[in-house]
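Here the protein sequences line up with chains A and B, keeping their order. Take the first sequence: its letter number 90 is residue 95 in our numbering, and every next letter is one higher. Take the second sequence: its letter number 57 is residue 270 in our numbering, and every next letter is one higher.
Possibly wrong hints are sitting among the right ones.
Each pair of labels, with its calculated beta carbon distance range [as the list claims (entries may be wrong)]:
id	chain 1	residue 1	chain 2	residue 2	range
1	B	VAL296	A	ALA76	52 to 60 Å
2	B	TRP353	A	SER48	21 to 29 Å
3	A	TRP56	B	TRP343	39 to 47 Å
4	B	LEU376	A	ALA17	50 to 58 Å
It is worth saying that the hints were derived from the structure and are not from the lab. Small disclaimer: the values here were computed from a predicted structure and weren't measured. The beta-carbon is built from N, C-alpha and C at its ideal position, and this holds for glycine as well.
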Amino acid sequence: MARHGTFYAGLATAAIFVILEIAAMSMLKRSSPLQDIWINRFSHNVMAVTWGGVNRIQDYFGLREQNEILAGRNYELFKELQHYKEMEKALMAMSKLDSAGLPPRFNYIPAEVTAMGTNSRHNYIILDKGSDDGVLPQSAIVTPNGAVGMIYSVDKRYSYGLSLLNERVSVSARVGKEGLVAPLVWDGQGTAHAILRDIPLHLDVPVGDTVLTSGISAVFPPDIPIGVTAGTRLIDGAVNVVDVNLFVDFSALRYVIIAENPDRRIIEEMER
Amino acid sequence: MKNVRFIILYVVFVIAQIVLCNFFGLSRYLLISVLPVLILMLPLSWGALYSMLFAFALGFAVDFFSDGMLGITSFALVPVALVRRFVVSIVFGAEKSARGEEITVERLGIPKVALAALMLCSLYFVIFVWVDSAGTCGFWPALLRILLSILVSTPVCVAVARLLRPQ
């Protein structure tokens, strides 16, 4: 109780002190122009500091809202930037492909890898382009670095393909520009390795030769690099197989190009 | 009888202060004021509230009857009244303040009264010179003015205290 009384007495003393000082200052303001100017300047400074402080506090508490707005803008800009990046990469890939001298009879559609498997013997690849984008089944999936696989089926917005890391996929390949032609298949021995099979025993395949798509197919465009030869092995005493180190790094694959041959149906009908 | 003598002397010193302000402008750098000690010598039974009200009225009276700026003395003297009991507690001891005993030079000694007067004069002249210069005076001239005023006014204040309450 006594503590409360002391507190109120202190409060009253402080209040009276402030009132008396303000009263003295008011008298001083009226009695001297110099002091009037000085007090005005002083009070303006105090007001400026006070209002500045109040504004700073308001700004501080307004930062949360500003942060949310900025975060939203940041997200929108990030999406826009990603979109442009993807477009740029696709254009770059296309230009590389053009510079690689790909035959103009193929239609090319840039696509992004949505999902891909590399852990089984029948690996797949799903791309973000579908029939709405003009993708047809039996189209090749390539990159400027090499063949990736082929489209198996298409949805409106996505397409499902079999990657080169699938034992069912066989690509007609050529060693060098004018070398022997043989089917290239995956042997299941790692994601960077495939084999050229059915190589006759009398043919010698030097190590380090580039393996390209042969073009003897309605699916893959010719002269797409696939890998380099790494050695020859005798299988069952009858044929050789050539080990090929693949150019495409399937673990880091993201952007690909779908190569579709518009004349494929005509060629297939003629083959029948 | 003692109180009557105290009141008469108190009024005389107030009048002397007014006369001093009006007719004895010694130097631009020297102010002589006994008002801090007049506040110090107020009865200790008066709390800060009454002391401040009295200091305000005293400052107003001095300004009103002298040719100074009205309000400046009140402005400097009210803080002196506010801290008076605190200074008394520090210099003379807390029990002196609590018991409400009167301050006398004879009983408390010149050094303690001089110290209390010095503290109150310092506060008074710092505020007075600060307001009086109104930002037109540099730091060192203002400091010189404050120090000179304290140096001269403190002994005068001790003498006034001795005269006000001789025993």
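Hints versus structure:
| no. | hint | result |
| --- | --- | --- |
| 1 | VAL296/B x ALA76/A: 52 to 60 Å | holds (54 Å) |
| 2 | TRP353/B x SER48/A: 21 to 29 Å | holds (27 Å) |
| 3 | TRP56/A x TRP343/B: 39 to 47 Å | violated (25 Å) |
| 4 | LEU376/B x ALA17/A: 50 to 58 Å | violated (34 Å) |
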